[in-house]
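Peer 1: Numbering (the working numbering), first residue to last: 1174 to 1417.
None of these hints come from the bench; they were simulated from the model.
Computed from a predicted structure; not experimentally measured.
For glycine and all other residues, C-beta sits at the position ideal for the given N, C-alpha and C.
Be aware that one or more of the hints could be misleading.
Unchecked claim - Quick list of the computed label-pair ranges, beta carbon to beta carbon:
1. G1301 with F1382: 47 to 55 Å
2. P1218 with T1408: 32 to 40 Å
3. I1215 with L1391: 37 to 45 Å
4. T1408 with H1206: 12 to 20 Å
5. V1407 with S1199: 15 to 23 Å
6. A1374 with G1347: 28 to 36 Å
Stated by the list, open to error - Computed list of lysine-lysine pairs in DSS-like fashion (alpha-carbon distance at most 27 Å, straight line):
7. K1395 with K1314
8. K1247 with K1175
9. K1273 with K1222
10. K1405 with K1395
11. K1247 with K1273
12. K1222 with K1304
13. K1314 with K1405
14. K1247 with K1314
15. K1314 with K1273
16. K1284 with K1416
17. K1175 with K1304
18. K1175 with K1273
19. K1304 with K1247
20. K1222 with K1314
21. K1273 with K1304
22. K1222 with K1247
23. K1314 with K1304
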Amino acid sequence: MKLAITPARQFSIGLHLYGGDSQLNSLSALFAHSHYLNPSLIYAPSWQKWFGDVNVVIGPFSGATIELWGGMGKAGNWAMPALIGTDEALRGAYYGMDFKSTHYGMAFSYKYRDMASLRLSYEGAPQGIDKGYTMWSDRAKSVFNAQLTVSPISALDICLGYELRSGRAIYEVGSDSDDIFQGTYYTLHTIGNVNSLNLGATYHITPQFNVWANVENLLNSKWEAVYGIPAKGVTGLVGIGYKF
1174 MKLAITPARQ
1184 FSIGLHLYGG
1194 DSQLNSLSAL
1204 FAHSHYLNPS
1214 LIYAPSWQKW
1224 FGDVNVVIGP
1234 FSGATIELWG
1244 GMGKAGNWAM
1254 PALIGTDEAL
1264 RGAYYGMDFK
1274 STHYGMAFSY
1284 KYRDMASLRL
1294 SYEGAPQGID
1304 KGYTMWSDRA
1314 KSVFNAQLTV
1324 SPISALDICL
1334 GYELRSGRAI
1344 YEVGSDSDDI
1354 FQGTYYTLHT
1364 IGNVNSLNLG
1374 ATYHITPQFN
1384 VWANVENLLN
1394 SKWEAVYGIP
1404 AKGVTGLVGI
1414 GYKF
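With the hints as extra help, turn the sequences into a complete structure.
Peer 2: Here it is as structure tokens:
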């Protein structure tokens, strides 16, 4: 269910309630979050018991806008990356459990004509073996983003972005029984903060056709993509786009 209320032109409230949906944990879907999962394992479906999200938008006032949001809910057998036992074949695995999902955040954005725009945002979530934010497989406690876009000419957009994901971690699941998937104790392992400075540019040859280039992690910062696997350093990508 979605509900949106706009009592004034510069103020709106949105509410989104949903739940009861099952989610297939196919290897292709899990691979999108972790490229190092064990392909010999099979995972049971997860399901969204219930979720509720609220969003408040104030503005724009003279080009400035403030957003506030938050949400909470519960999920069943939610698959999260985990270290299971001491078997190396299970180090790239997922562990399903009933999960409490909570997140909250705020953002400030400012647009100056068609020449420049700035967006600053912060989002947080609790951390625990059975709680966090279901959309963050790295179990980050907080995420800060900053993005500045300038258009020196009408056909060119240059974007400088920065992301800091702190409190990232993974849990090791241990068991005293023969069934290692029946966790009896959990050990937290940190996997480093994402500290990434990114630069991108898009040139619009026509309103439909453009060419673009992105460079990520300009600072060549080090963190773990998943436990024991370092993330890439400086990376770049170029491409073309066409809107039909």
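Peer 1: In ascending order, which of the hints set out earlier in this document are inconsistent with the structure?
Peer 2: Hints 5, 6 contradicted; others consistent.
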